[in-house]
Amino acid sequence: MSEPRPVISIVDDDVSFLAALSRLLRAAGHTVQAFSSAQQFLAQMTDAPGCVIVDLRMEGLSGLDLQAAIAEQAHACPVIFLSAAADIATTVHAMRHGAEDFLTKDAAKEDLLEAIERALARDALQRTQRFRQQQLRDRFAALTAREYEVLQHVVRGQLNKQIAADLGITERTVKLHRTALTTKLRVRSVAELTRLVQEAHIPEHFSSTLPKGQ
Amino acid sequence: MSWVTIIFSMMASACLMLGLICALIWWRQRDAWAYLLFALAAIGTAATAFTDLAMLHAESPVHFSAAVRWSFCANWLMIVALAGFVRVYLRAGRTWLLWTVCGLRTVSLFANFLTGENVNYREITGINQIPFLGESVSTIGEGVVNPWMIVAQLSLWLLLIFVVDASITAWRRGERRMAMLVGGSIVFFLLGATGQAALIVWGHFQWPPTTSLFYAGIIFVMAYEIASETLRATQLARELHTSEQKVELASAAAGVGMWTWDIGNREGWASAKAQGLLGLRNSEHLTEARFMDTVHPDDRDAVKLVIERSMTTDHNELEVEYRVQPRGAETRWVSARGRVERNAAGTPILMRGVLLDISARRRSEIELQRLQGQLAHTSRVSMMGELATAIAHELHQPLGAILRNAEAAELFLEHEPPNLDELRAILADIRADDQRAREVIERLRALLKRRSIEPHALPLGEVLMNVAALTRADAAARCIPVEIDSGLGVPQIMGDGVHLQQVLLNLVLNAMDAIDGAKSRQRLITVRAEYRGGRQVDVMVSDTGPGIPPGDLGLIFEPFFTTKASGMGIGLSVSRTIIEAHGGRLWAQNNATVGATFRFTLPTEDKAAL
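Respectively, the protein sequence lines represent chains A and B. Residue numbering for the first sequence follows this note's numbering, beginning at 1 and increasing consecutively. Residue numbering for the second sequence follows this note's numbering, beginning at 1001 and increasing consecutively.
No lab work stands behind these hints, which were simulated from the structure alone. Watch out, some of these pointers could steer you wrong.
Claimed, not checked - Cβ-Cβ distance ranges computed for the label pairs, FRET-style:
#, chain 1, residue 1, chain 2, residue 2, range
1, B, K1564, A, Q39, 56 to 64 Å
2, B, K1564, A, A43, 35 to 43 Å
3, B, Q1589, A, Q40, 35 to 43 Å
Glycine residues also receive a C-beta, built at the ideal position from the N, C-alpha and C atoms.
Next up, chain A with everything else stripped away, as it sits in the complex (with noise of 0.2 Å):
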């Protein structure tokens, strides 16, 4: 996995502190976007790793309007407030909303950057996290109708002449089953089979979002 390079966007109606601060933050040794209003860091919001510093108070969309916006994204990144002076609903709102930290304008400059830092490790956990689940949702999704019926029962610790009888099929067509879909999954033992599963949410009526096989 060879991620490009981390980069921080800061997001600030005040042309003057985002100037100073994108300086700062390229000093830190950062990569650094600036956008001069919420809109503008929407219309050109990527999937690049990174994270962004939001003023709380902007005119047009505010600081949380863009904490939403962002939240609704697959791929939402790290948010971290920067307010000159804030009241303690707005800190509680933006922090139960997942804001990554919540910071004055005038904050020490390294409490600051360990934000950062912070919330580029943060960012880059939930890429691994989210690339790995993807993954396991490939390797499921290789699996057929009846294989994913037939799994299900076997995480529910089902023995195979319970599951033919249950789906009406022989035991030897479900063995054939069980094989190929330890196989598709790429795991040698039930415990190892059910953490899987759990690892990957797989969801209850899976089985419907897939295609029907067979």
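We have chain A already, so just place chain B on it with the hints.
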């Protein structure tokens, strides 16, 4: 001494005396022509008395004839002057008739000298001696009647008609007593004189020549009339004096001084009270320079301007409030009001007016202004409290930028070699942000400083921009855009920037509260300046809030009326005071669709330049 001599001489001297007195009166008062004409008539009568006396004592027809001839000169003077007197005194009578009388009389005077011995007789051939007042006097015996006599007689009859006509006019005008006395007596005595003359000449009636007796009758009645006129004038003078005293008493009680200014002679008069107010000594001559000396140096130009304006325009009224600086006494405020009086040609001749001490009123006005200033300041400080969070935000922005720039500079300095271009840019930005922070603080300082309203010419746009800067952060936090439209072609206004900012801030913050309080979905505040010609500019602050309950429209400008839990209720009342101190009006109305609009007017710069 005979009775005849005594009576005629005394009569003549009495007439002369009356004539002299009236001539003297005319000498002092040149436009009183009636007095001159009366004096001439009286002198003519006196002369007639002497010629009569000469006839009475004539010893021969030649003497008698000479006396008659000269008596016509005296008659001429008497009749012409009398006709003129009637015309002037009654202010009536036909002019052509007057000139006809004078003309015929003059013609008869020529005939008197050119045709025969006199105009009555071509020749007197004999005189008779008849008894009169206990002695023997001469009268016409025999003579040849002169036909030119008709002319003299005609002039007398025409004079009668003239007097009767003039008297009727005066009677109709309502001056009945005067018409009766003047017209009646003249007609009566002239009829007597003319009748007597006719009887003597035509009827050979034996009667001594006593024309002067009839004339004297006229003169005495006229003298009585003129004397009663003088009496009335004296009475008027006394009444005038009494009423002057009353006015003086009333003006003293009211503390009002009175003054007049004679424009032609450039000198003034001031009542005792006015003298006291101006610090003038009792007998001091009031000249222009002395008057200006009493005016406070700072007010002299204004006073001069008001006086000049009252004389040059048709207005005629003058009114000015200024400070007087009596020598060695404290400065006082006075109000001078007056009126310019003009002659028939429209030239100003006199100014007359009153002077009032208004120091106490001025003091209370100043005290009121001070209190209003304090209230305005309190209101401003409390408004600053409402804006505190927003203002902190305004300050944090540049301060935060400065901090970040400084930190960036530190990092850049660690690089080898340091990026000097970047460092220069940083320093320039720090300087700009410092300026920004300073401006925020200056705006606040201006608003928090205690000061009185000092209007001067001011671009309204500047005030609106300051208000926009002060409310920007609050507007962003509350998500209420404030649209500012300084208007096209709006001229400079006369105003005090800080106080106008206070009014606009108050209106904008109220509008935000209204929109927030009602949780309106439409969120917009518009501040608009508008100029529709004339000498005023309109400013409107409209919101999209719930509007003002109709019942509250009349109350919102009352002090301590508030609908807000945390409001003091002085904002709008102070705002209205400020606008009214600028000479404008502030009022509120609900919009047709949504929200309310507060409007106020301000005078344009031109008005003050006038």
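Comparing the hints with the structure gives:
Distance hint check for K1564 of chain B and Q39 of chain A: the Cβ-Cβ separation is about 35 Å, which falls outside the suggested range of 56 to 64 Å. Checked against the hint of 35 to 43 Å, the C-beta distance between K1564 of chain B and A43 of chain A comes to roughly 41 Å, which is consistent with it. The supplied range of 35 to 43 Å is met by Q1589 of chain B and Q40 of chain A, whose beta-carbon atoms lie about 40 Å from each other.
Figure legend: structure checked against the earlier numbered hints; the only hint not met is number 1.
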